[in-house]
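Residue numbers (my numbering), protein chains in the order written: chain L, 10 to 202; chain U, 198 to 567.
Think of the hints as simulated: they come from the structure by calculation, not from any bench. Owing to the predicted nature of the structure, the values given are computational and were not obtained by experimental measurement. A portion of the hints provided could be inaccurate.
[Stated by the list, open to error] Covered stretches of chain U (chain L as the covering partner; in silico rule of three or more C-beta atoms under 8 Å from a C-beta of chain L):
| id | stretch |
| --- | --- |
| 1 | 216 to 225 |
| 2 | 241 to 250 |
| 3 | 280 to 291 |
[To be verified] Calculated lysine to any residue pairs in the SDA-like style (CA-CA distance at most 25 Å, straight line):
| id | chain 1 | residue 1 | chain 2 | residue 2 |
| --- | --- | --- | --- | --- |
| 4 | U | LYS208 | L | ARG174 |
| 5 | U | LYS208 | L | LEU140 |
| 6 | U | LYS208 | L | PRO143 |
| 7 | U | LYS208 | L | THR185 |
| 8 | U | LYS208 | L | GLU171 |
| 9 | U | LYS208 | L | LEU120 |
| 10 | U | LYS208 | L | ARG29 |
| 11 | U | LYS208 | L | ASP81 |
| 12 | U | LYS208 | L | THR168 |
| 13 | U | LYS513 | U | GLU413 |
| 14 | U | LYS208 | U | LEU251 |
| 15 | U | LYS208 | L | ASP170 |
Here a beta-carbon is modelled for each residue, glycine too, at the ideal position from N, C-alpha and C.
Listed here are the chains, written in short residue letters.
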Amino acid sequence: MPERDAPPRWDRRMQQRLARGEAAALGELYDRFASLVHGLAHRVVGDEPAADALTRDVFAHVWQHPDSYDPDEGPLRSWLAALTNRLAVQRLRTTGTAALARGGPGTTEDLERTLRHASVAARADYIVQSLPTPLRAALELAYFQRRDYHQTATDLGVTDDEARRRLRLGLQLLATAHDTETPGAPPGIGGAA
Amino acid sequence: MPLVREHDVLKSLLGAWALSACAPAEGEAVEEHLGDCGPCADEALRLREAVGLLHRPESLDLDPGLRTRVLESCLERRPPRIPVPEWAAAYDAETARLDALLQDFGDSEWHAPVRLRWYEADEASSRRTTVAGVIAHLLTVDGLVAVALGLNDPLGEITAARPTPADRTEAYWRAARFPPTRSVRAPWREQSHALVRTVSFTGGTERTTVPYGDFELPLPDALLDRAFECWVHAEDIAEAVDYPYDPPSGRHLHRLVDLAARLLPAVLEHRRLHGLASPVERRLVAAGEPGRSLRLEIEGSGGGEWLIPLDSPAAKGSAEHEVAHVALDGAEFCRLAAGHVPPREAAAGQEGDRTAIRDVLFAAASMSRM
Chain L
10 MPERDAPPRW
20 DRRMQQRLAR
30 GEAAALGELY
40 DRFASLVHGL
50 AHRVVGDEPA
60 ADALTRDVFA
70 HVWQHPDSYD
80 PDEGPLRSWL
90 AALTNRLAVQ
100 RLRTTGTAAL
110 ARGGPGTTED
120 LERTLRHASV
130 AARADYIVQS
140 LPTPLRAALE
150 LAYFQRRDYH
160 QTATDLGVTD
170 DEARRRLRLG
180 LQLLATAHDT
190 ETPGAPPGIG
200 GAA
Chain U
198 MPLVREHDVL
208 KSLLGAWALS
218 ACAPAEGEAV
228 EEHLGDCGPC
238 ADEALRLREA
248 VGLLHRPESL
258 DLDPGLRTRV
268 LESCLERRPP
278 RIPVPEWAAA
288 YDAETARLDA
298 LLQDFGDSEW
308 HAPVRLRWYE
318 ADEASSRRTT
328 VAGVIAHLLT
338 VDGLVAVALG
348 LNDPLGEITA
358 ARPTPADRTE
368 AYWRAARFPP
378 TRSVRAPWRE
388 QSHALVRTVS
398 FTGGTERTTV
408 PYGDFELPLP
418 DALLDRAFEC
428 WVHAEDIAEA
438 VDYPYDPPSG
448 RHLHRLVDLA
458 ARLLPAVLEH
468 RRLHGLASPV
478 ERRLVAAGEP
488 GRSLRLEIEG
498 SGGGEWLIPL
508 DSPAAKGSAE
518 HEVAHVALDG
528 AEFCRLAAGH
538 VPPREAAAGQ
548 EGDRTAIRDV
558 LFAAASMSRM
């Protein structure tokens, strides 16, 4: 799909407006992405006040460094998701390391494992939200509504073959959340702890 | 080659198997196959792990106050070169709040019945529509500001009998072949964003006025009026679907009350000319001179005091000539001005000239419209 390569015009315009210092653009950016950013942050750090603070940090970063986003490298949405993941894991690492230094329970290995899990979970959420609708609808029926693939096919009005294909492909894409090379994987998090 | 075909069929089942979504016999066949086929066993493990990553998304309601806090914190760190004018801030915040309320609405919410209420000729009026119909109403009336700014009119080819908020809304509703649906949300939101964007560039430099058909407002007041309407109708919607909805922040509420307080003297004058407000004891006051005044005391967040000149819009409100005093909560005053509270039941505390109080409360309710 060639349109995948060309970043949507909206992303490019938004980047230019932010760089120009237009406060209205910041509001529009927030309106479009706040629930994504807050949801991913919450998935990593696990509590509301920390997720609020991270949301503030993410938007402050974009507003203060609009040039750090390059529209040629991909959609603004996935860039923001990666930034959120990175800042959230950073925050979790800082608070976790401080707790360990104070003699809190657990080891550095435990902390790294927690960070890895939190980061994978947030990437998985992002992947699910970004799945093409047919795949997401099939997973929704089979997993949340506990429909078997034949019922899923009937509900979606597709063949059994197609339902099986969608379920498998959806899970294959979701499984990439474990891969460290996935865009959004912050350096040093994932495989090697 | 029955074996190869079997492998392909079983491989195609791996996703359904990982989700426990195939028939028992098929599940057994897959599991038997996994013992003999390395690549399928690897994939099966990977997909099962992926299933573990699925979870019902927690429906986290974003704290509506977070938007203001995040934006303010950003703008402190890097002051904007093109700020949103202060008088557009309430509209920006209220449209964002309503949009967040609409976020998770399903079809049943979008088609929930809503009764719009206002005062006409000192009588309570109402009109039945749906949640989607209310958003269509906001779209068409916000369109008055859009047109004044040279943006597209959301009415497009549709012509209204008169360019008033009510006529434009009725024309829009009538022109649609089907009742409004959730599809009205995107154009409403795009237009509200476009208005904030546009006034950030042009506001202040020119003296734009927004014609409402029967009257007109300077652009800053029109944006405050639209913020007010957005909140009032968001409350209508929230009530219809049984969601909680807070009043605007104190800073914004103060500006909305201030707009109503500033409009009151002209409304009183208009009503006097049409015999709706009492002419008794009217003394002629020269323009700019202090005249008989009603002290409007607004309590709570966003509150304050306003001296409403009673005898002429040109007179100056004066504490020395205070003849009456009315005390109300800010949100309650706005509900009165929105025609949602009967004027007779509105004021918590009143003292002084009863006629003056009655005139002002009825004048406030008469500012409401569909």
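Here is what the structure says about each hint:
1. 216 to 225: Result for this restraint: holds, n = 4.
2. 241 to 250: Our answer is that it holds, as 6 residues pass the Cβ test (under 8 Å) against chain L, meeting three.
3. 280 to 291: Holds, because 3 residues of the stretch 280 to 291 of chain U bring their Cβ atoms closer than 8 Å to Cβ atoms of chain L.
4. U:LYS208 to L:ARG174: holds (10 Å)
5. U:LYS208 to L:LEU140: Roughly 22 Å separates the two Cα atoms, so the pair holds.
6. U:LYS208 to L:PRO143: Given pair LYS208 of chain U, PRO143 of chain L holds - Cα atoms ~20 Å apart, limit 25 Å.
7. U:LYS208 to L:THR185: With Cα atoms ~19 Å apart, LYS208 of chain U and THR185 of chain L stay inside 25 Å; holds.
8. U:LYS208 to L:GLU171: holds (13 Å)
9. U:LYS208 to L:LEU120: Judged against 25 Å, a Cα distance of about 37 Å means the pair is violated.
10. U:LYS208 to L:ARG29: Violated, at about 53 Å.
11. U:LYS208 to L:ASP81: violated (37 Å)
12. U:LYS208 to L:THR168: holds (17 Å)
13. U:LYS513 to U:GLU413: At roughly 22 Å apart (the allowed maximum being 25 Å), GLU413 of chain U and LYS513 of chain U satisfy the hint.
14. U:LYS208 to U:LEU251: Judged against 25 Å, a Cα distance of about 21 Å means the pair holds.
15. U:LYS208 to L:ASP170: With Cα atoms ~12 Å apart, LYS208 of chain U and ASP170 of chain L stay inside 25 Å; holds.
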